[in-house]
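**Q** Here's the letter readout for the chains.
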Amino acid sequence: MIFAEFFYGAMAIALGAFITLIRIMLGPSVPDRVVGVDTLNTLVVAGMILLGAAYDRVIYIDIAIVYALLSYIGTLVIAKYLQGGLE
Amino acid sequence: MIKSIIYVFLAISITFNLLGSFSLHRFPDVYTRLHGATKCTTFGTIFAVLAVIVHAIWQIKEIGDPKYLQMALHSLVALIALMLTNPTGAHAIAKAAHLSGYKPAKAVIDAYERKLRGEEA
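Residue numbers (the working numbering), protein chains in the order written: chain A, 1 to 87; chain B, 1 to 121.
Derived by calculation from the structure, the hints in this document are not laboratory data.
Even for Gly, the Cβ is constructed at its ideal location relative to N, Cα and C.
It is possible that some hints are incorrect.
[As the list claims (entries may be wrong)] Keeping only pairs whose Cα atoms sit at most 20 Å apart, straight-line, the calculated EDC-like set for lysine to aspartate or glutamate is:
{"hint": "1", "chain 1": "B", "residue 1": "3", "chain 2": "A", "residue 2": "5"}
{"hint": "2", "chain 1": "B", "residue 1": "95", "chain 2": "B", "residue 2": "113"}
{"hint": "3", "chain 1": "B", "residue 1": "67", "chain 2": "A", "residue 2": "62"}
{"hint": "4", "chain 1": "B", "residue 1": "3", "chain 2": "B", "residue 2": "62"}
{"hint": "5", "chain 1": "B", "residue 1": "103", "chain 2": "B", "residue 2": "119"}
{"hint": "6", "chain 1": "B", "residue 1": "106", "chain 2": "A", "residue 2": "56"}
{"hint": "7", "chain 1": "A", "residue 1": "80", "chain 2": "B", "residue 2": "113"}
{"hint": "8", "chain 1": "B", "residue 1": "39", "chain 2": "A", "residue 2": "62"}
{"hint": "9", "chain 1": "B", "residue 1": "95", "chain 2": "B", "residue 2": "62"}
{"hint": "10", "chain 1": "B", "residue 1": "3", "chain 2": "A", "residue 2": "32"}
{"hint": "11", "chain 1": "B", "residue 1": "103", "chain 2": "B", "residue 2": "113"}
{"hint": "12", "chain 1": "B", "residue 1": "103", "chain 2": "B", "residue 2": "29"}
{"hint": "13", "chain 1": "A", "residue 1": "80", "chain 2": "A", "residue 2": "5"}
{"hint": "14", "chain 1": "B", "residue 1": "67", "chain 2": "A", "residue 2": "32"}
{"hint": "15", "chain 1": "B", "residue 1": "39", "chain 2": "B", "residue 2": "113"}
{"hint": "16", "chain 1": "B", "residue 1": "39", "chain 2": "B", "residue 2": "29"}
{"hint": "17", "chain 1": "B", "residue 1": "61", "chain 2": "A", "residue 2": "56"}
{"hint": "18", "chain 1": "B", "residue 1": "103", "chain 2": "A", "residue 2": "32"}
{"hint": "19", "chain 1": "B", "residue 1": "95", "chain 2": "B", "residue 2": "110"}
{"hint": "20", "chain 1": "B", "residue 1": "39", "chain 2": "B", "residue 2": "119"}
{"hint": "21", "chain 1": "B", "residue 1": "95", "chain 2": "A", "residue 2": "32"}
[Stated by the list, open to error] Chain B side only, calculated, beta carbon under 10 Å to chain A, not exhaustive:
{"hint": "22", "residue": "13"}
{"hint": "23", "residue": "18"}
{"hint": "24", "residue": "34"}
{"hint": "25", "residue": "38"}
{"hint": "26", "residue": "57"}
{"hint": "27", "residue": "60"}
{"hint": "28", "residue": "70"}
{"hint": "29", "residue": "78"}
{"hint": "30", "residue": "89"}
{"hint": "31", "residue": "90"}
The shape of chain A in the complex, shown without the other chains:
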């Protein structure tokens, strides 16, 4: 059984992810692209939780937890690299 309202909500959030993707491709500087990637990660987590509710699979929500923590570590590493740390 599929819950249609969560599925269409996930589709709308995917539309927002595509709008964010345009900024990642256009972005004039490196921090602009990093901001775009951070926004995209949050949107992917929200869409994954909604898809897990739509298809009745709890495992999608577990993957969303792991994706949130790993994307946070990725953002921190890129920020540390940008400010000239990592010696």
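Starting from the known structure of chain A, arrange chain B on it as the hints suggest.
**A** Chain B only, in chain A's frame:
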């Protein structure tokens, strides 16, 4: 009744997520883009998870399957992880962008730069 609560939460979530991704195109520099995108997407994701939790509690009452209790608790854990990590990541990006030389556009006062130079802000 419960359906309408879920619809309202989903509508708030989709509105704020779309506003967050549009704000990436409407603001002039990195810091204002970060402000708009991070706040709006965090708020929108909170309401998406609230919709899922309301749906799961309703399914527990209707069907009585313990799988839905697991769904509610795991989405709560995902929400807590996101709320702890998202502002920290935004702070790290803003500090890294300032330290690597990107100045705020049209800003009159830059308090962080004064603090870096040792003056009183």
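**Q** Run every hint past the structure and note whether it holds.
**A** To see whether the hints hold, each was checked on the structure:
no. : hint          : in the structure
1   : B/3 / A/5     : 10 Å, holds
2   : B/95 / B/113  : 11 Å, holds
3   : B/67 / A/62   : 13 Å, holds
4   : B/3 / B/62    : 13 Å, holds
5   : B/103 / B/119 : 18 Å, holds
6   : B/106 / A/56  : 49 Å, violated
7   : A/80 / B/113  : 19 Å, holds
8   : B/39 / A/62   : 24 Å, violated
9   : B/95 / B/62   : 49 Å, violated
10  : B/3 / A/32    : 39 Å, violated
11  : B/103 / B/113 : 10 Å, holds
12  : B/103 / B/29  : 9 Å, holds
13  : A/80 / A/5    : 40 Å, violated
14  : B/67 / A/32   : 41 Å, violated
15  : B/39 / B/113  : 24 Å, violated
16  : B/39 / B/29   : 16 Å, holds
17  : B/61 / A/56   : 16 Å, holds
18  : B/103 / A/32  : 13 Å, holds
19  : B/95 / B/110  : 13 Å, holds
20  : B/39 / B/119  : 31 Å, violated
21  : B/95 / A/32   : 13 Å, holds
22  : 13            : 7 Å, holds
23  : 18            : 5 Å, holds
24  : 34            : 5 Å, holds
25  : 38            : 7 Å, holds
26  : 57            : 12 Å, violated
27  : 60            : 13 Å, violated
28  : 70            : 5 Å, holds
29  : 78            : 5 Å, holds
30  : 89            : 4 Å, holds
31  : 90            : 7 Å, holds
Of the numbered hints listed earlier, those contradicted by the structure are 6, 8, 9, 10, 13, 14, 15, 20, 26, 27.
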